Amino acid sequence: MSSIIRGRVWKYGDNINTDIISPGQYMSLPAEKQAEHAMEAIDPSFSEKVRPGDIIVAGKNFGSGSSRETAQMVLKHLKVGAVAASSFARIFFRNSINVGLPVVEIADTSLIHEGDEIEINLIEGTVWNHTRKEEYRGTKLPEHLVDMVKLGGLEPYLAKKLGISKSQEEVK
Amino acid sequence: MGMTMSEKILARSSGQGEVKAGDIVWVKPDIAMMHDLLGPWLVDPGFRRLGGRLYDRDKVVVVSDHCTPPATVQQADILKFTRDWAREHELPYYYEFEGPCHQVIVEHGHVRPGRLILGTDSHTCMAGGMGAFATGIGSTEMIGVLLTGETWLKVPETIKVVWDGELRPGVFSKDMVLKTIKDIGHAGATYQAIEFSGSAIRSLSMDDRLVLSNMAVEAGAKTGLIESDEEVVRFLRSKGVTDEIELLSSDEDAVFAKTLYYNASELEPQIACPHEVDNVHPVQAVEGTPVDQVYLGSCTNGRLSDLRTAAQILKGRKISKHIRCLVVPASQYVWMQANKEGILDILAEAGCVVNMPSCGACGGFTSGVIGAGEVVMSSSNRNFRGRMGSAQGEVYLGSPAAVAATAIEGKIADPRKYMELEVH
Ligand code: SF4
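Protein sequences appear in the order of chains V and C.
First residue of the first sequence: 0, per numbering that gives the first Met the number 0; consecutive thereafter.
First residue of the second sequence: 0, per numbering that gives the first Met the number 0; consecutive thereafter.
It is worth saying that the hints were derived from the structure and are not from the lab.
Remember, it's a predicted structure, so these values are computed and weren't measured experimentally.
Even glycine gets a Cβ: it sits at the ideal position worked out from N, Cα and C.
Any given hint might turn out to be false.
As the list claims (entries may be wrong) - Simulated DEER-style distance windows between Cβ atoms:
| # | chain 1 | residue 1 | chain 2 | residue 2 | range |
| --- | --- | --- | --- | --- | --- |
| 1 | C | Ala75 | V | Glu113 | 39 to 45 Å |
| 2 | V | Ala30 | C | Asp182 | 38 to 44 Å |
| 3 | V | Asp146 | C | Asp55 | 22 to 28 Å |
| 4 | C | Glu251 | V | Thr138 | 50 to 56 Å |
| 5 | C | Glu251 | V | Ile163 | 44 to 50 Å |
| 6 | V | Arg50 | C | Glu245 | 52 to 58 Å |
| 7 | V | Asp146 | C | Pro273 | 39 to 45 Å |
| 8 | C | Gly164 | V | Ile163 | 56 to 62 Å |
| 9 | C | Asp182 | V | Lys139 | 39 to 45 Å |
| 10 | C | Phe96 | V | Glu116 | 34 to 40 Å |
| 11 | C | Asp163 | V | Asp146 | 44 to 50 Å |
| 12 | C | Lys257 | V | Lys139 | 22 to 28 Å |
Claimed, not checked - Chain C side only, calculated, beta carbon under 8 Å to chain V, not exhaustive:
| # | residue |
| --- | --- |
| 13 | Thr119 |
| 14 | Asp120 |
| 15 | Gly135 |
| 16 | Thr139 |
| 17 | Thr189 |
| 18 | Thr241 |
| 19 | Phe364 |
| 20 | Arg384 |
| 21 | Arg386 |
| 22 | Gly388 |
What the hints assert, rightly or not - Some residues of chain C that are not near chain V, with every Cβ distance over 12 Å (derived):
| # | residue |
| --- | --- |
| 23 | Lys181 |
| 24 | Asp228 |
| 25 | Lys257 |
| 26 | Asp291 |
| 27 | Ser319 |
Given these sequences and hints, build the entire structure.
Structural data, given as structure tokens:
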């Protein structure tokens, strides 16, 4: 996972829970089918309009509820570049780092609007808004996670720790 | 400096004398729990790529509960995968068709005071009701735990929630936890632990305590703890656990992020309204709201004491003709015990349908999901949009008594008017 991500914004409100991102009733379907239903409870056309590299920007408590990683899986399947929110639910934040879905916490996301072009620096925890020429300071990642992010998630990190020599490509 | 329950458990698990909130520690979980839907099926590919060898199979517990009995071919495939995986890795602890994982691990003695339990499900926090530190993790994170036997955790601050006084008839631990979540808010305890204490908590049975810890995550908490006492010992002995049990509580001088005080005797029945668990109101505010389905079950409120309460209300009465009432005992043990006590008969005679122990419609997986425009009154723990089926449906949450009263009237009802009948 690259630590700089640039993309176009889709904007949502507070409390986007994992039942919204990845509804339970489709969870036993293959990833591409599940992805068609991502966010549909609040935005039925999301999976059609989102394009690779787009960034989701939301309010407080993004990803609350279930520990399901299908939430990250559908977003990655739709090639969402990153999620920026005012705050994340604990398990969602951990899972995102682990599977290599970039996430950044910025206190006030109300300054970012739908359609803006933004650039996230994951390691610094900063966001540059190209549309509005503004910078927002986010929360820096805890140090012990920076390595994991740089390597692309928990799996490559574990591979390194366990001394399993696999190229990044094979591991992904 | 004194330590909280969380600090004590994480200190032991990380091999340190003392830890404090905010520390990041490497810990060795005592139990790694997975269920069918978020377990081996998702974990296996990465696990294999990294060597595929379990660090310690005795610490791994797998429960098939979300896809049981399978409603679709895909669910059957997941179930088969899970079963085969458990066999291939010679897991000593694999359970299926026995009920939701959280109840199963409690009943089979895997949960003990002071243990660290990580599970691939957000309601893993339920085990905290017995004095364990228990929290949900993702499937990828589980790969690391399975391979290395350890992971990192941030030691959480603790919000202490004190309930003193005595609950009045018709008011239950579900009402206590809904009221608490309302006040803390659905993200109010994010990255923190909640510890429930006070005389009203101590007088609850294990069945009723687990409701509180189960729903801690609905306030965003990492875990929900209850200090362990003789009730925990009694419960474990009744499940055939003979080992010595070390009780655990926070030190007198432990530091809490904040403390909330409640008087249980002032509490009224509470209902969580669509579509957030902290959208909680006293039952009077929503009394009379018509429903299509009533759901008594789940790891939150499908235990024996819940079925007893519902039977007490439904005995000699009939449920409304306009609704269906699904009863889902939280485990095979609960099913059999309720059967012995005549509870299943009482519920069936009242017009309820008794299903098998499973996650069922609680998470919108199998039997009993709802369609567009349908309204459910449920004893489960989440009412998010789309949680029990259609995103155009609505879910209200309440105690088993409120659920039973609602079944009779076909509209959300105050359970207190039905509490006079005895079950035996
Ligand atoms: S009963 Fe409901 S809340 Fe409990 S584990 Fe199953 S789906 Fe989750």
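Hint check results:
{"no.": "1", "hint": "Ala75/C with Glu113/V: 39 to 45 Å", "result": "holds (42 Å)"}
{"no.": "2", "hint": "Ala30/V with Asp182/C: 38 to 44 Å", "result": "holds (39 Å)"}
{"no.": "3", "hint": "Asp146/V with Asp55/C: 22 to 28 Å", "result": "holds (26 Å)"}
{"no.": "4", "hint": "Glu251/C with Thr138/V: 50 to 56 Å", "result": "violated (34 Å)"}
{"no.": "5", "hint": "Glu251/C with Ile163/V: 44 to 50 Å", "result": "holds (48 Å)"}
{"no.": "6", "hint": "Arg50/V with Glu245/C: 52 to 58 Å", "result": "holds (56 Å)"}
{"no.": "7", "hint": "Asp146/V with Pro273/C: 39 to 45 Å", "result": "holds (42 Å)"}
{"no.": "8", "hint": "Gly164/C with Ile163/V: 56 to 62 Å", "result": "holds (57 Å)"}
{"no.": "9", "hint": "Asp182/C with Lys139/V: 39 to 45 Å", "result": "violated (31 Å)"}
{"no.": "10", "hint": "Phe96/C with Glu116/V: 34 to 40 Å", "result": "violated (52 Å)"}
{"no.": "11", "hint": "Asp163/C with Asp146/V: 44 to 50 Å", "result": "holds (47 Å)"}
{"no.": "12", "hint": "Lys257/C with Lys139/V: 22 to 28 Å", "result": "holds (26 Å)"}
{"no.": "13", "hint": "Thr119", "result": "holds (6 Å)"}
{"no.": "14", "hint": "Asp120", "result": "holds (6 Å)"}
{"no.": "15", "hint": "Gly135", "result": "holds (4 Å)"}
{"no.": "16", "hint": "Thr139", "result": "holds (4 Å)"}
{"no.": "17", "hint": "Thr189", "result": "holds (6 Å)"}
{"no.": "18", "hint": "Thr241", "result": "violated (33 Å)"}
{"no.": "19", "hint": "Phe364", "result": "holds (6 Å)"}
{"no.": "20", "hint": "Arg384", "result": "holds (5 Å)"}
{"no.": "21", "hint": "Arg386", "result": "holds (5 Å)"}
{"no.": "22", "hint": "Gly388", "result": "holds (6 Å)"}
{"no.": "23", "hint": "Lys181", "result": "holds (15 Å)"}
{"no.": "24", "hint": "Asp228", "result": "holds (28 Å)"}
{"no.": "25", "hint": "Lys257", "result": "holds (18 Å)"}
{"no.": "26", "hint": "Asp291", "result": "holds (17 Å)"}
{"no.": "27", "hint": "Ser319", "result": "holds (27 Å)"}
Violated hints, in rising order: 4, 9, 10, 18; the structure is consistent with all others.
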